[in-house]
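Here's the letter readout for the chains.
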Amino acid sequence: MFNNRQTSRLLASPYIAWAVIFIVVPLAMIFFYGLTDESGALTFANVAAIARPENLKSLGLALVLALISTIICFLLAYPLAMILASNKISSQGIITTLFILPMWMNFLLRTMAWMTLLENKGVINGILSFFGLPTINIINTSAAIVIGMVYNFLPFMILPLYNALARIDDSVINAARDLGANAVQTFFKITLPLTIPGILSGITMVFIPALTTFAISTMLGGSKILLIGNVIEQEFTLSYDWNMGAGLSLVLMLFIIVNMVVTMMTDKSSNS
Amino acid sequence: MRKTIEKVYMGIILVFMYLPIVTMIILSFNSSKSRAKWGGFTFDWYINLASDSEIINAFANTLIIALISTVVATIIGTATCVAMMGLHKKSRSVIMGITNIPMINADIVTGISLMLLFRFLHFNAGFITVLIAHITFNIPYVMLSVMPRMKTINPSVYEAALDLGAEPFFAFRKTVLPDLMPAVISGAMMAFTMSLDDFIITYFTKGSGFDTLSTKIYSEVKRGIQPEIYALSAIIFIIVIVLMVGSRQLKARNSAASSKKEISYEKRKGLSKKTILLLAAACGVIVVIGLTFGGVFKTEDNQVYVYNWGEYIDPEVITMFEEETGIKVIYDEFESNEIMYAKIASDNSAYDVICPSDYMISRMIQEGMLQELDWNSLPYASENIDPNYLESAASFDEGNKYAVPNFCGTVGILYNKTLVDDPVTSWDILWDEKYAGQILMQDSVRDAFMVALAKNGYSINSTDPAQLEEAAAELIAQKPLVQAYVIDQVRDKMIGGEAALGVIYSGEALYTQRENSDLEYVIPDEGSNVWLDGWCITRDSKHTENALKWINFMCREDIALMNFEYVTYTTPNLKAQELIEDETIRNSTVAFPTEDTLSRCEVYTYLGQDADELYNELWKKIKAAD
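If you're matching them up, the sequences are chains C and P in order. Start counting the first sequence at 1; every next residue gets the next number (the numbering used here). Start counting the second sequence at 1001; every next residue gets the next number (the numbering used here).
Hints are supplied without guarantee of correctness; some may be wrong.
With a cut-off of at most 25 Å between alpha-carbon atoms, the simulated DMTMM-like pairs for lysine to aspartate or glutamate come out as follows [claimed, not checked]: (1) C:Lys121 - P:Asp1626; (2) P:Lys1174 - P:Asp1163; (3) C:Lys57 - P:Asp1558; (4) C:Lys121 - P:Asp1432; (5) P:Lys1455 - P:Glu1520; (6) P:Lys1575 - P:Asp1558; (7) C:Lys57 - P:Asp1626; (8) P:Lys1003 - C:Glu38; (9) P:Lys1621 - P:Glu1383; (10) P:Lys1003 - C:Asp170; (11) P:Lys1089 - P:Glu1159; (12) P:Lys1151 - C:Glu38; (13) C:Lys121 - P:Glu1159; (14) P:Lys1151 - C:Glu54; (15) C:Lys57 - P:Glu1469; (16) P:Lys1007 - C:Asp169; (17) C:Lys57 - P:Glu1470; (18) P:Lys1479 - C:Asp169; (19) P:Lys1222 - P:Asp1422; (20) C:Lys57 - P:Glu1474; (21) C:Lys121 - P:Asp1422; (22) C:Lys57 - P:Asp1612; (23) P:Lys1621 - C:Asp170; (24) P:Lys1549 - P:Glu1391; (25) P:Lys1417 - P:Glu1526; (26) P:Lys1621 - C:Asp37.
Everything labelled a hint here was simulated from the structure, so no lab data went into it.
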């Protein structure tokens, strides 16, 4: 197994076969549909459709909202992960599960619960007006979508950050402090750089789903706000234009590849 | 001090994480069906849940998919990780690269790519396709968890075991596997969680009649969720908490026991056996639940696939049909003609019976997507349906060859008398700044354009690009005033007083008035749309005979009456009309509009492919506008 190439190949073959049929071929299908028209002739029109003002706008908005959500997630999760990591002996298991537990409740149900909370006559406004405070009107706005994104994807940021922070050897921190660095310096010179791999995977795991969601924007945006995910979904379920849908998906893949390359490059430079 | 701040911070985040869950649990005790209104405390939803086969079914499907996909993915993923150690560095990085694709790729792209593959291979979408999809996205989670651990394992122990004469698999099981186990288990947990939580990939790979909890909820969110779902979530939540606390106590006890005695290799193995036994028991329970309640392996041939509008039938009727005929009904709902069209166009045999509206029937006839009905098998339809309605149906279905009228109705404005003080007589009020943020528009192309076209005095079947551009400009100008574009949600939001004015179909009006007496339904003076939809059978239907039985059953007077009383749209069933006992409903101008009102209304016609594309194009622009 460790050196036996034949056994290894045999063991790996089920997955390789699976991956080729259900990962590589479907991806090739997207390319095929995205680069052809209804009659099967080669065309770039489906990909170029991203340049139409309405599509470009939904892509831009998705990028902005995903970016804001990622930043908020990062700012919320980093201190939390530090707190969790510093208590690592006492209750590691329970704390991390506490933050994964909501994921066992269905994602759509949780998002819908936010609708109930945020609506004009919803729970939050009910509480606010009970205390005579001004009510908020954020349902069906971008702000509501951002709340939904942050809420749903926060665990994906907490976990990798926590893992990265928990892995840091305390003696490294102590060494820095012994050498005269203050808390702030230690954080920026030692802790932060050491957690860059965790940060990067957290960013990827929040940014990508936020960029491509359509359920959150439909539910919390009242179908008024169109993100690129909604546009693609509608090409398949409403307009019945699979080629266009696949073409726009290709554009989305481009962003994912860019994200991957940037991640890899930062990863490399931080290693060296 | 610092500890306090830390605790407060953690507390705030936990509140943020659990607030929606608490909300859901509270809602599960709310006796009002509407999310927006507290109607008092009740246990009804928990009781109803036990008999709600659809929800139980979806839940069972979710569990069984999660379980099987986790087991398969864990085995394949772990085997691959083990194998990787003996492979070339190059092939290793290729495999890892491919593995990263589903991780990095957006769910929507993964879902769509698999859907395209399944369609290409003519796979029947359903349990198997969803399972394959889940295994595909679960393997990477297992591998990413096991691989780092695998790299730290020293091969020399394994080799020593081989040297001592152990069989390779035995040696592996005794030396490598125990070290690998924690990573395998955490990978499996991750996979299980992801599978439970997945919506997007399931949404694209599921077929007709197959739902997991996610897809079930998504379709329900759009038309007002059944409170039974809250009850189910509350139960799941409690079970998960109990399991978690239980496993922690078990662990604590074990570690307390092991700290007393020096832990031996044998002992450790014994413990893991206990855990494995527990896991196996849990899996067994899930499998039993899945097989008992899930629709997974039930491949009865005597069935009929029905695709109908949301909340468009008395659920009791389905049960009655099944009992009387012995035919199993697989029942799905759609929100708009366009969504239904896209589904049938991509797979004509997905459903046997569908219920499109006038213009869509005409389009589907033109495109050869329907089959001619055998009226000899429809005695109730020929006897009970009002000839006047058959005549008007003939305007889009010449000779009544393809459709049996089901319901008809109008489109109008529903408004809340306490929130609107102006007289509502014209579509113009939907453009009144005074009601900014209080207006609900229909999230369907034709209906939205109808409002703008009628407002400007054009035909609602206009294909004139200039008129359509003008209507689109009107709708864009109106968008800042619109609270949301919704379809079936209008109901819930109007009942709860969330909005003042909403564009709605006539049947919904009677329903909402029952729940909230402040609501009033008006057909504006400029005129509106009157529609008629009918039962049709798809061209490639696999159960034509059962489909005919379904349609005929729906036309039986007692059944039509039950449906009418449930959905309150105008029924074209003459005998059912005579059976209506409630005077106010029989004389309701909403349920049965006057000649004068109808003379102002137009029926939609199919406008052809070019006009259709123009409508879609403009609609996208409206949706993308600020």
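How the hints compare with the structure:
Annotation: proposed proximity of Lys121 (chain C) to Asp1626 (chain P) holds, straight-line Cα distance about 24 Å (limit 25 Å). The straight-line distance between the Cα atoms of Lys1174 (chain P) and Asp1163 (chain P) is roughly 14 Å, inside the 25 Å bound, and the hint therefore holds. Simply put, Lys57 (chain C) and Asp1558 (chain P) have alpha-carbon atoms about 52 Å apart, too far for the 25 Å limit, and the pair is violated. Restraint check for Lys121 (chain C) and Asp1432 (chain P): satisfied, since their Cα atoms lie roughly 22 Å apart, inside the 25 Å limit.
With a C-alpha separation of about 20 Å, the suggested pairing of Lys1455 (chain P) with Glu1520 (chain P) holds against the 25 Å cut-off. A distance of roughly 9 Å separates the Cα atoms of Lys1575 (chain P) and Asp1558 (chain P); the hinted pair therefore holds under the 25 Å criterion. Between Lys57 (chain C) and Asp1626 (chain P), the direct Cα distance comes to roughly 10 Å. Compliance with the 25 Å bound is thereby established for this hinted pair. For the given pair, Lys1003 (chain P) sits about 63 Å from Glu38 (chain C) by alpha-carbon distance, which is inconsistent with the 25 Å threshold.
Between the alpha carbons of Lys1621 (chain P) and Glu1383 (chain P) the distance comes to roughly 47 Å, so the proposed pair goes past 25 Å and is violated. For the hint pairing Lys1003 (chain P) with Asp170 (chain C), the CA-to-CA distance comes to about 19 Å; that is within 25 Å, so the pair holds. Between Lys1089 (chain P) and Glu1159 (chain P) the CA atoms are separated by roughly 21 Å; this keeps the pair inside 25 Å, and the hint holds. At most 25 Å may separate the alpha-carbon atoms for a hinted pair to count; Lys1151 (chain P) and Glu38 (chain C) exceed this at roughly 48 Å.
At most 25 Å may separate the alpha-carbon atoms for a hinted pair to count; Lys121 (chain C) and Glu1159 (chain P) exceed this at roughly 68 Å. For the suggested pair Lys1151 (chain P) and Glu54 (chain C), the alpha carbons sit about 48 Å apart, so the restraint of at most 25 Å is broken. Between Lys57 (chain C) and Glu1469 (chain P) the CA atoms are separated by roughly 20 Å; this keeps the pair inside 25 Å, and the hint holds. Distance hint between Lys1007 (chain P) and Asp169 (chain C) is fulfilled; the C-alpha atoms sit about 24 Å from each other, no more than 25 Å.
The hinted pair formed by Lys57 (chain C) and Glu1470 (chain P) meets the criterion: a straight-line CA distance of about 22 Å does not exceed 25 Å. Between the alpha carbons of Lys1479 (chain P) and Asp169 (chain C) the distance comes to roughly 56 Å, so the proposed pair goes past 25 Å and is violated. A distance of roughly 30 Å separates the Cα atoms of Lys1222 (chain P) and Asp1422 (chain P); the hinted pair therefore is violated under the 25 Å criterion. The straight-line distance between the Cα atoms of Lys57 (chain C) and Glu1474 (chain P) is roughly 20 Å, inside the 25 Å bound, and the hint therefore holds.
With a C-alpha separation of about 23 Å, the suggested pairing of Lys121 (chain C) with Asp1422 (chain P) holds against the 25 Å cut-off. Proximity of Lys57 (chain C) to Asp1612 (chain P) is assessed by CA-CA distance (about 23 Å); at most 25 Å being required, the pair is judged to hold. The suggested pairing of Lys1621 (chain P) with Asp170 (chain C) is violated, with an alpha-carbon distance near 56 Å, which exceeds 25 Å. In summary, the hint linking Lys1549 (chain P) to Glu1391 (chain P) is supported, as the alpha carbons are separated by about 23 Å, within the 25 Å threshold.
For the hint linking Lys1417 (chain P) to Glu1526 (chain P), the alpha-carbon distance of about 21 Å falls within 25 Å, and the restraint holds. At most 25 Å may separate the alpha-carbon atoms for a hinted pair to count; Lys1621 (chain P) and Asp37 (chain C) meet this at roughly 22 Å.
The structure does not agree with the numbered hints 3, 8, 9, 12, 13, 14, 18, 19 and 23 stated previously, though it agrees with the rest.
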